[in-house]
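Undergrad: Chain by chain, the residues:
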Amino acid sequence: MSFLECVRISFRSIKANGLRSILTMLGIIIGVAAVIAMVAIGEGTSSSVASQINGLGSNLLIVAPGQATQGRVSLGAGSLNTLTLADAEAIAQKESVAGVAPSVNGRAQIVWGSNNYSSSLEGTTADFPEVRNVEVAQGRFFTNFEVKQQFNVAVVGTEVVNNLFANLSTSPIGQTVQINRIPFTIIGVLKSQGSSGMTNNDDRILIPITTAMSRLTGGKNVGTIYVSASSSDQMDQAKLDIASTIRAQHNLRPTAADDFRITSQSDILSTAQQVSSSMTALLSGIAAISLIVGGIGVMNIMLVSVTERTREIGIRKAIGAKRSDILRQFLIEAVTLSLIGGVVGILFGVGAALVISKLGGMATSISLSPILYAFLTSSLVGVIFGVYPARKAAQLKPIDALRYE
Amino acid sequence: MKPVIQIESLKKQYQIGDQEIQALRGVSLTIEEGDFVAIMGPSGSGKSSMMNVIGCLDKPTSGEFYLDGFPVSEAHDDELAEIRNQKIGFVFQNFNLLPRTTAVENVELPLLYGGVSAKERRQRAVQALISVGLAERLNNKPNELSGGQQQRVSIARALVNDPVILLADEPTGALDTKTSEEIMGIFQQLNDAGKTVILVTHEPDIAEYAKRIVRFRDGQIIANELVAERRRVLSEEVRR
Chain V
138 MSFLECVRIS
148 FRSIKANGLR
158 SILTMLGIII
168 GVAAVIAMVA
178 IGEGTSSSVA
188 SQINGLGSNL
198 LIVAPGQATQ
208 GRVSLGAGSL
218 NTLTLADAEA
228 IAQKESVAGV
238 APSVNGRAQI
248 VWGSNNYSSS
258 LEGTTADFPE
268 VRNVEVAQGR
278 FFTNFEVKQQ
288 FNVAVVGTEV
298 VNNLFANLST
308 SPIGQTVQIN
318 RIPFTIIGVL
328 KSQGSSGMTN
338 NDDRILIPIT
348 TAMSRLTGGK
358 NVGTIYVSAS
368 SSDQMDQAKL
378 DIASTIRAQH
388 NLRPTAADDF
398 RITSQSDILS
408 TAQQVSSSMT
418 ALLSGIAAIS
428 LIVGGIGVMN
438 IMLVSVTERT
448 REIGIRKAIG
458 AKRSDILRQF
468 LIEAVTLSLI
478 GGVVGILFGV
488 GAALVISKLG
498 GMATSISLSP
508 ILYAFLTSSL
518 VGVIFGVYPA
528 RKAAQLKPID
538 ALRYE
Chain Z
2 MKPVIQIESL
12 KKQYQIGDQE
22 IQALRGVSLT
32 IEEGDFVAIM
42 GPSGSGKSSM
52 MNVIGCLDKP
62 TSGEFYLDGF
72 PVSEAHDDEL
82 AEIRNQKIGF
92 VFQNFNLLPR
102 TTAVENVELP
112 LLYGGVSAKE
122 RRQRAVQALI
132 SVGLAERLNN
142 KPNELSGGQQ
152 QRVSIARALV
162 NDPVILLADE
172 PTGALDTKTS
182 EEIMGIFQQL
192 NDAGKTVILV
202 THEPDIAEYA
212 KRIVRFRDGQ
222 IIANELVAER
232 RRVLSEEVRR
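Line order of the protein sequences matches chains V and Z. Each number in my numbering corresponds to the 1-based position in the first sequence with 137 added. Each number in my numbering corresponds to the 1-based position in the second sequence with 1 added.
Do not take every clue at face value.
Within a straight-line C-alpha distance of at most 25 Å, the following computed SDA-like cross-link-like pairs (lysine to any residue) qualify [as the list claims (entries may be wrong)]:
1. K142(Z) <-> Y541(V)
2. K12(Z) <-> E267(V)
3. K88(Z) <-> T62(Z)
4. K179(Z) <-> V165(Z)
No lab work stands behind these hints, which were simulated from the structure alone.
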C-alpha cells in the first residue's frame with residue numbers, strides 16, 4: 138500500500154471520529170500555540186527592554202554615590218551623598234567624555250492659575266538633552282549661562298503640559314508657573330518618549346541644577362551624574378577617567394574603596410537581557426510541558442482507537458494487511474493528528490501574539506524559528522506517542538482481533 | 002483434478018491457563034479444485050480451528066499444510082498475510098465489513114493491500130459487486146444495507162482478488178431462510194463456474210448445498226462423504 142493511500146485512510150478515520158479528533162488535537166493546538174505565543178512575548182519584551190535601555194542615552198555611564206557602611210552593615214545605594222557639582226565639572230574636562238549632566242531629584246507641586254499638578258522635579262545642566270537622549274519639541278532647553286546664573290526657567294514633559302495647561306489653547310511657552318511657590322518661566326516642552334517600565338518619561342519638570350539645589354532641594358550634593366562617553370570605544374576609558382577624577386576630587390587614599398559607583402548602559406542592558414531570556418526560557422518550558430501533555434492525549438486517544446477498532450484491524454489483517462501496513466496506518470494517523478494540531482496551533486499562536494500586542498500593549502516579536510520548532514516538535518510528538526499504540530495494533534493476531542466484540 | 006488443499010496429520014494445541022486443549026488431533030484432508038466442501042460438527046469439534054488454519058489466520062502446531070502447492074506450515078506472518086490476500090476469499094457470519102465505508106470501498110480493500118492501482122481497483126470492485134447483483138448499491142455504507150446485501154458485499158470482497166478458495170464461515174448464520182437460500186445460490190453459481198468453496202456450518206440443510214460433507218468430532222474427521230441428495234437453488238430464483 139502506498140504512502141499516499143495510508144494518508145488517505147488516516148484522514149478518513151480522523152474525519153469519521155470528528156469530535157474526538159478535534160479534542161485530541163486541542164491538546165497539541167494549545168501546546169503549540171502556547172509555545173509560539175510565549176516565545177513571541179519573551180522575544181518582544183527583551184527587544185523592547187533593549188530599545189528602552191538604548192533610549193536612555195548613547196554611550197551612557199551613570200555615576201552614583203556609593204554605599205555607606207556602619208559597623209560593616211551596608212546602608213544601601215545612595216546612602217552616601219558624596220558627589221558634587223565640582224566632581225561633574227572635573228569629569229567634563231576629560232577627553233573621553235562628551236557630555237556631563239549632574240542631576241538632583243525630587244517631587245514638586247506646580248501651579249498655574251487655578252490648576253495644580255504634582256510631578257517629579259529634576260535639576261540638571263545644559264548637557265542633559267545630549268547625554269540622556271532627550272529632544273525638545275517646542276521652545277528650547279536651558280543654557281549653561283542660565284544654569285550658572287540660577288535662572289528660574291523650566292522645561293516640562295508633555296504629561297505635565299496636558300495636566301496643567303489643559304484649558305490653554307496656545308503653547309505653554311512663556312507662561313509663568315509656581316513650582317513650590319517659586320515663580321518659573323516655561324521655556325520648553327520635551328518631545329514625548331512614553332514610559333519605560335515604571336517611570337513615565339513624559340511626567341517631569343527639568344530646571345537648572347543650581348536653581349534646584351539652592352532654592353528647592355537644598356544641600357550641596359548631586360544625586361547622580363550622567364556622563365556620555367565620546368564614542369562607544371571610549372566607554373572603558375571614560376569609566377577609568379571618571380573613577381580617577383572622582384577619587385582625586387575626594388582625596389581618597391589609594392587603599393580606600395571607591396565612595397561612588399559607575400554603571401554603564403551595557404551593564405544594564407546585559408542584566409536586562411539575562412532577565413528576559415531566562416523569562417523566555419521559563420515561559421517556553423511551561424509551554425513545552427503542555428505540548429508533552431498534548432502528546433500524551435494523542436497516545437491516549439490512539440490507544441482507545443486501537444481497542445475500539447480491534448475488529449477493523451482483524452478484518453484488514455484477514456484480507457491481507459501486513460503488520461507494517463497496520464503499523465503505518467496508525468502511525469500516520471497519530472502524526473496526521475498532531476501535525477494538523479501543530480499547524481492550527483501555529484495559526485492560533487501567531488494570532489494570539491498579534492492580539493496581545495494589539496490589545497494588551499505588550500511587545501511581541503514573531504520569528505520563524507519557534508514556528509519551525511513547534512512544527513517539528515508536534516510531528517515528533519505524533520511519532521513518539523503514536524508508536525506504542527500503532528505497534529499494539531500491528532501485533533494483534535488476526536483471529537483474536539476478528540473474534541473481539 | 003489438481004488438489005488446492007493438502008493437509009497431512011495436522012495438529013493444533015491451545016494453552017488456556019494450565020490446561021492444554023487439543024483442538025485438532027491429527028487431521029488429514031485433501032480438497033480438489035472445483036470442489037464444494039461443507040465442514041460440519043458441533044461446537045468444540047475443531048471445525049473452527051480447522052477453518053482458521055485453512056484460512057491462514059492461525060498456524061498449526063504440527064503437520065503439513067499445502068495451499069495451492071505452497072507450504073503454509075512454514076510461512077512467516079507476512080507471507081501468511083500475502084497468502085490470505087492473494088489466495089483466500091473470506092466470507093464471515095457477521096459479514097465483517099468496515100463500518101462508515103461504502104460497499105465499493107470495502108470490496109476494494111483486498112486490492113489495496115495487494116498493491117493494485119486505484120483505477121483498476123475501482124473497476125474490479127464494481128465488476129465484483131455487479132456479479133453479486135449489487136450494481137445499484139455501490140456507494141451505500143453497510144448500515145444502509147440489509148443483511149443479505151451486506152453478505153453479498155462481503156462475497157464480492159472475497160471474490161475481487163480471484164482467490165484459489167472461497168472460505169465461508171457460517172455465511173448464513175445471521176440471515177433468514179429466504180436470504181440464506183439466495184446466498185447459498187450465489188455460492189453454488191460460483192462453484193458451478195469453477196471456484197473451490199469451503200463452507201463451515203452446523204446447519205445440516207445449509208451443508209446440503211455442498212457436494213461433499215466433512216464431519217468433525219473431538220478434533221478429528223469422523224466422516225468425509227459425498228452429498229447424496231444435493232439441494233440446488235435454481236439460477237432463475239437467484240436472479241430474481
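Undergrad: Now tell me, hint by hint, if it's right for this structure.
TA: Okay, the hints, checked on the actual structure:
no.: 1; hint: K142(Z) <-> Y541(V); result: holds, 22 Å
no.: 2; hint: K12(Z) <-> E267(V); result: violated, 100 Å
no.: 3; hint: K88(Z) <-> T62(Z); result: holds, 22 Å
no.: 4; hint: K179(Z) <-> V165(Z); result: violated, 28 Å
In the structure shown, a violation is registered for the earlier hints numbered 2 and 4, in ascending order.
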